[in-house]
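K.L.:
Sequence:
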Amino acid sequence: MPDAFSRKSWRLWNLRGMPLGLLASLVVLTAAAWALTLYQTFSMDMPMGIAVRGGMEGMEGMAGMAMAGIAADGWSLAGAAAFLAVWTVMMAAMMLPAAAPMIFMFAAAQARREQHVAVPTWMFVAGYMLVWAAAGLLVYVLVQFGSEFATSLDPPQRSKWAPLALGVTLGVAGLYQFTTLKHICLSHCRSPLAFVAQHWRDGRVGALEMGLRHGLYCFGCCWALFAVLVAAGVMSVAWMLLLTLVVFVEKLMQRGRRFEGALGIALIALGIVVSFGAIEMPWMGG
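Number 229 in the UniProt record's numbering belongs to position 229 of the sequence shown; there are no gaps in the numbering.
Mixed in with the good hints there might be a few duds.
Stated by the list, open to error - Restraint-style ranges between C-beta atoms, simulated for each label pair: (1) Gly-277 with Ala-197: 46 to 54 Å; (2) Gly-261 with Gln-115: 18 to 26 Å; (3) Ser-159 with Leu-29: 36 to 44 Å.
I should point out that these hints are in silico values taken from the structure, not numbers from a laboratory.
Each residue gets a CB set at the ideal place from its N, CA and C atoms; glycine is no exception.
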């Protein structure tokens, strides 16, 4: 499969046919998503960390992002909508930087085929974000079940089982780094030129379909890393920036197998020590 970051790919990836407004709007969208996410983070009244802290003050876990009362109030359509909105904004902030090469490649290919670039490109982005929004629904369900289960335990039981649950999640994320599915999904994400050439669809509906397909590959790359975030109940600036950097580096490295392997080993090792209670999940306040 062609390497999107080979010299040939970089020559083909020219943005001269793209409207400057499209580039600027993508930057503005990403910046706005980060601004909203940071605002929500700093406006939180309580710290998070359901997996290791085990106390009632951390019970909200992921639900505390903007929905401090979601877990306590139980299942509700309004709560799900609020969770989904905040989750999608956070995913836009964290994932659009890594998706930018693919978006630009699509726009450049669209510009070579016809004059209309902006609308199909935004349809592509919409399809991509729809996948992460759908993932947010799954996260909401997991948060609710997790909160209900944690609430049913007394504090000593939570202190016992929470590190084990987080350690297992870390271990699974580490092992996933070595799977064939991870490598297949990551190869598609690393090769925008090959993806566009293999999966091109004309028209706005085709652009939406391509965005959905790329979103699925991207989800296949990153779901395990975000599972750690959800399991730890962490919503700090430092953790978000770290995870954004990890995803960005992993996707944009020409030969990232060493990085993938090193990350996998680190996650497995961290999972082991957390499971046995040797350390708490490293906390970076935000």
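K.L.:
Checked against the structure, which of the hints given earlier come out wrong?
P.N.:
Going through the list in order, the structure violates hint 2 alone and respects the others.
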